[in-house]
Amino acid sequence: NAGVMQNPRHLVRRRGQEARLRCSPMKGHSHVYWYRQLPEEGLKFMVYLQKENIIDESGMPKERFSAEFPKEGPSILRIQQVVRGDSAAYFCASSLGPSDEQYFGPGTRLTVT
Amino acid sequence: GNSVTQMEGPVTLSEEAFLTINCTYTATGYPSLFWYVQYPGEGLQLLLKATKADDKGSNKGFEATYRKETTSFHLEKGSVQVSDSAVYFCALFFGNEKLTFGTGTRLTIIP
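Each protein sequence line maps, in turn, to chains A and B. 1 is the number of the first residue of the first sequence in our numbering; add one for each residue after it. 1001 is the number of the first residue of the second sequence in our numbering; add one for each residue after it.
Rather than coming from a laboratory, the hints here were simulated on the basis of the structure. Honestly, I wouldn't trust all of these hints.
[Said to hold, decoys possible] BS3-like mimics (lysine-lysine), calculated; alpha carbons at most 25 Å apart, straight line:
(1) B:K1049 / B:K1068
(2) B:K1049 / B:K1077
(3) B:K1060 / B:K1077
(4) A:K27 / A:K62
(5) A:K62 / A:K51
(6) A:K62 / B:K1056
(7) B:K1056 / B:K1077
(8) B:K1049 / A:K27
(9) B:K1049 / A:K44
[Stated by the list, open to error] Have a look at the derived ranges for each label pair, beta carbon to beta carbon:
(10) A:K71 / B:T1012: 34 to 40 Å
(11) B:S1083 / A:G97: 30 to 36 Å
(12) A:S99 / B:A1053: 14 to 20 Å
(13) B:I1110 / A:R9: 41 to 47 Å
(14) B:V1082 / A:H10: 25 to 31 Å
Model, not experiment: these values are computed from the prediction. Virtual Cβ for every residue (Gly too), placed ideally from N, Cα, C.
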């Protein structure tokens, strides 16, 4: 039973480019969460999605960031026009239900040059 | 709002030493409490958890007790190993979808 998959594991983008981060939840999980870990800091919640719905995006910057979790396929976190401050590790977690344990993926480390 | 305060690191100990990493929380109500561990270059793994007051979570020799009166969930291990070197995160969860994490404590064990 595969765990949460994230790709790519490492992503380098120049300022102004777009970054797309993908997350495939564990089999049977329909709840996905995105967290961001800035260097030497803890994880901060960004967004919570269920299939085709955004449930809570209170932690996501209002501009340049968007997330989706389509009926088919992985969840995507998109960052448009990246800036140096977007450099961080982005972790995805999934759960069976909203009150259930969240299982984390290995993360995508984004570097903006 | 809800928050978690963790003992600041880094913490460096010799092998077989006793470990305590402090964690206190602020929340309205009684959340579930977790300790996660992050090994170098990897994602977070759940280490242990407690869902109500006085519960003790334990795993791999680590323990933490949910103390409602002091709003604490300190992580302890009686004898650490080099393989315990990692970053440890305390977190709370209300079942309202998102985890709230502390800033993490980097632990290094010297042989």
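Against the structure, the hints:
| no. | hint | result |
| --- | --- | --- |
| 1 | B:K1049 / B:K1068 | holds, 14 Å |
| 2 | B:K1049 / B:K1077 | holds, 15 Å |
| 3 | B:K1060 / B:K1077 | holds, 9 Å |
| 4 | A:K27 / A:K62 | violated, 31 Å |
| 5 | A:K62 / A:K51 | holds, 21 Å |
| 6 | A:K62 / B:K1056 | violated, 40 Å |
| 7 | B:K1056 / B:K1077 | holds, 13 Å |
| 8 | B:K1049 / A:K27 | holds, 23 Å |
| 9 | B:K1049 / A:K44 | holds, 19 Å |
| 10 | A:K71 / B:T1012: 34 to 40 Å | violated, 49 Å |
| 11 | B:S1083 / A:G97: 30 to 36 Å | holds, 33 Å |
| 12 | A:S99 / B:A1053: 14 to 20 Å | holds, 18 Å |
| 13 | B:I1110 / A:R9: 41 to 47 Å | violated, 29 Å |
| 14 | B:V1082 / A:H10: 25 to 31 Å | holds, 27 Å |
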